[in-house]
Amino acid sequence: MKQSPVFRIFFPILLVLIIVPTLFPFLWMLLSSIKSQVDIISWPPKFVFDPTMINFYKVFREQDFLKYLINSSIVGVSSVALSLLMGLPAAYSIARFGQKRLAVFILIARLMPGISFLMPWYIVFSRLGLMDSYTALILSHILIAMPVVVWVMSAYFEGVPRELEESAMIDGATQQFAFLRIVLPLSVPGVVTATTLSFIFSWNNFMFSQVLSMEKTKTLPIAVYNFMSYAEVDWGGVMAAAVAIMAPAIVLTMIFQKYVVKGLTMGAVKG
Amino acid sequence: MIKSGFFERNLRYIFPLPALFFVLLLMVFPVAYTLVISFTDWALTSGRPMKFVGFSSYLGVLKEPRFIDAFGRTFSFTIGAVVLEAVIGTVLALVLNREFVGKNGIKFILLLPLVSTPVAIGIVWNLFYDPTIGFLNYCLSILGLPQSGWVTDASTVLPSLIMVDVWQWTPMIALIVLAGLAGLSSEPYESARVDGANSTQIFCFITLPMIMPTILTAVILRAIDALKTFDIIYAMTGGGPGYASETINIMAYKYSFEYFDLGSASAMLVFLFVLVLAASLGVMRLRKRFEA
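Keeping their order, the protein sequence lines are chains W and X.
In my numbering, each number is its position in the first sequence, counted from 1, plus 738.
In my numbering, each number is its position in the second sequence, counted from 1, plus 12.
Only chain X is shown next, with the shape it has when bound in the complex:
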C-alpha cells in the first residue's frame, strides 16, 4: 500500500464507532440505570427522592401474588404459542417444499401476518372475538356449539391470545424451515434411496435431523419475542379481564407508566432479562447438541 493514513490503519475501530457509541448511549446506559433503580425505592408519584433499599424491591415483587401469576402466565403464553408455531410451521414448510405453480404467491400470503402492524392485528382479532357480533361465535353457533367469551373471559383469554400469536408467527417458522429445506444437499437422499429407505425413514433419519438446527434457531428467535410480547396483549386486553392476561412485560409497563413505581418495575424487568437470557442460552446449548 502506498498511503496508509491514520484513518486507514484504524478502520476496524473507526467504522464501528458511531454504532457502538449509539448502542452504549441508548442501550447500555439505560439498562444500567434500570439495574440501579431496581435497588431503590422510587415512586415518581410519591414526591420522595430515590432511596437505596438493596434487594427489597426484588423481595417485594416476589411476595406479590400478582407478579408470580404474571411470571407463570408469561411462561404458559410463550410455551403454548411457540410449541404450536414450531409444529404447525414445520408441517407447513414440509407441505410447501416442492415446486408448484403459485409458490411465490403462497410465500407472499405467508409474509402478510409478519409485516402487519401488531396493534391493528389485535384490533381485527378483537372484532372476531367480540362475544355479541364476533365472527367466531357465529361459527360456533352454526356448529351448534356453546358460545365463548374469548378475550373477555378470564378462563379463555390466554388461549385466545395464543391463537392470535400462532396466526401471526407460524408463517415465520414455516418460511425459515422452508429456506432451510431448500438449502439441504441432495446426496444423503440419493444414497438413502439406493439403500431402499422408505419415505417415513427418509424423513425421520435424514430430513428431520438436518433441519433441526434451523428449527431450533427459529424457535429461539420466536421464544425470545414471545416472552416480550406487548403490542398484541396490550391492544387486545390491556392485561385483563382483571389481571387474567397480564404478563411480566405488561405488568412492568403498568408499574412504570401507570403507577410510576419505578423501583418495583425495574425489579420485574431484571427478572424478565434473566428469563430472556436463560431462554436464549438454553436453546442455544440445545442447538449445539443437535449440531454435534
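Chain W extracted, bound-state conformation:
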C-alpha cells in the first residue's frame, strides 16, 4: 500500500513511542544494578553516576546465586528434555492420526490455574518425602513445558509432507523409523522453537518452585524474590539479581528470535 507523506513523517515518531516505553524498564534495571545504594535512593533520580560492580559482587559472592542458577538450569534442562521425549511422539501421533481430543486434553494443562495442581502435589510430595527434591520440581515443570512442546510440534508435524514418509514406508521402513529418521530431522526448526519457549517458561516459573523447593533446590526466581523481603530493600542487589535472571532468557531470545516469535504466535494465527 502507498503511504501518505504525513504518515512517512510520523512513522519514526510512532516507532520511538513504541520502543522507549518498552525498553525503559530494562534500561532502568540495568542502570540501577550498577548504582550504589546512595545513588539509587537519591531524589531526583540520577542519570549520571559513578558505576559500581558491588551489587553483582554481592549477589554472586554473598548470596550463593551461582547455586540457584545451577538449580534453575538443572530443573529447566531436565524438564524440557523429558517433555521432548514424551511430547514429540505424542505430537506426531496427534498430527498423523488426527487425535484432536488428545491435543485438547494435553492443552488443558496449559489453561488450568497452576495452583489447582500445586496444592495436591504439596500434600502428596510431602508424604513421599519429595519436598525440596529435584524430582518434584522437574515433574512440576514438565507440566509447564510439555503442553508447549505438544502445541508447537503437532502443528509443525502437520506441515511435513506425508509423501516423504509414505515413500520410505513403501520401501519397507516402519512408521516409527520414518518418524525418527525422516520427519524428526526435517522438524529441527520446530524442535528449536518448542525447546526455547518451554525452557524460558520453566526458567521464569515462580509459583511451583516457591512451594515445592526450599534451601537445597531453590531456583532463581525464588532467590530474587527472597532478596526483596529484607527489612530495607537493597535495590541495587535486587536489580543486579534481576539482570542476572533475565540475561539467559534474553540471550536465548536473541539467538532464536525468529523461532520464539513463531512459537508465541502460531497457535493464534492458525487457530
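Derived DSSO-like pairs (lysine-lysine); straight-line CA-CA distance at most 30 Å:
id : chain 1 : residue 1 : chain 2 : residue 2
1  : X       : Lys266    : X       : Lys63
2  : X       : Lys300    : W       : Lys838
3  : W       : Lys996    : X       : Lys119
4  : W       : Lys996    : W       : Lys838
5  : X       : Lys266    : X       : Lys75
6  : X       : Lys266    : W       : Lys805
7  : X       : Lys75     : X       : Lys63
8  : X       : Lys266    : W       : Lys954
9  : W       : Lys996    : X       : Lys115
10 : W       : Lys954    : W       : Lys796
11 : W       : Lys805    : W       : Lys954
12 : W       : Lys784    : W       : Lys796
Listed next, the stretches of chain X that the computed footprint assigns to chain W, with coverage defined by at least 3 CB atoms under 8 Å from CB atoms of chain W:
id : segment
13 : 121-128
14 : 141-147
15 : 283-290
Just so you know, these hints were derived from the structure itself, not from any lab.
Just so it is clear, CB atoms sit at the ideal spot from N, CA and C, and this is done for glycine as well.
We have chain W; now place chain X onto it with these hints.
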C-alpha cells in the same frame, strides 16, 4: 508393508502413552483430588482429619466478603488489562505492518517483556512505583502533578498492576496480530482499490473483519492467563495493601499455603476453574460467530 509388528500396528496408542500417563498422573489426579477436598472441611493446622461436609465449603466461601471482593477484582483486573492490550496491541500491529529498516529489531524489542521473568519485572516496577524514590512520581512532579502512592495505596493499586500487565503483554497481542496481517491475501485489497474504496473503508470492511478471528484468539489466550495472574501480583503487593489487590488466585494460594485451610482453598479453586472454562468457551463461541 512387509513387517507389521504389534508396535507398528498400535503406534497411534503407544506414541501418546507416556505423555497421556504423565498428564493423568500430574494433572487429572490432582484436579480430582482438589475437587474432593472442596467437599471436605480440612485444615492441616487443626490436626483434625478430613471430614466430608458437602457444599458447606462453597457456601462458606460465598458468604465471605473477602472472596466476593477478590472475585470482582479478578474480573476488573482481567477485563481492564485485556481490553487495553487488545486495543493498543492491534494499533501497534497496524502501525508496524509495513516493510521498514529495523523491523526485526523492533520485533526483538517487543519480545523482551514476554520472555522476562515476571517476578523480576514486578520488582523493577516496584522501584518505578516507589512513592519516595520512584521514577514515576518524579515524572509527576516534573509535570507539576500531585504524587501517587501507586501500589501502596488501596485506591490506585489495581490500575497500577494493570499497567504492568499491559506493559508486559501488549507486545504479545501486537506480534500475534502482526503475524495474522502478514498472512492475509492481497486479493480483497486489489478489488477494493479497483472499486475505489478509501483507506478507512478498506480498514473497516476488509482488514478488520479478516483479522478479527486472530485478535479474538489472542484475547482468549491472554484472558485465560490474566485470570490466573499470580507472579506479578504476588511479587509486587502480595495482594495488599490490606486485601486491595487480592484476586481469587492469590487468595486461594494464601488459604492453601499460608493458612492451610485446604477445604476453602479448593472451593475457591473450583470457582476459578469454572471462571476460566466459561471465559474460554465464551470467547471461542464469539470467535466462531466471526468466522461464519
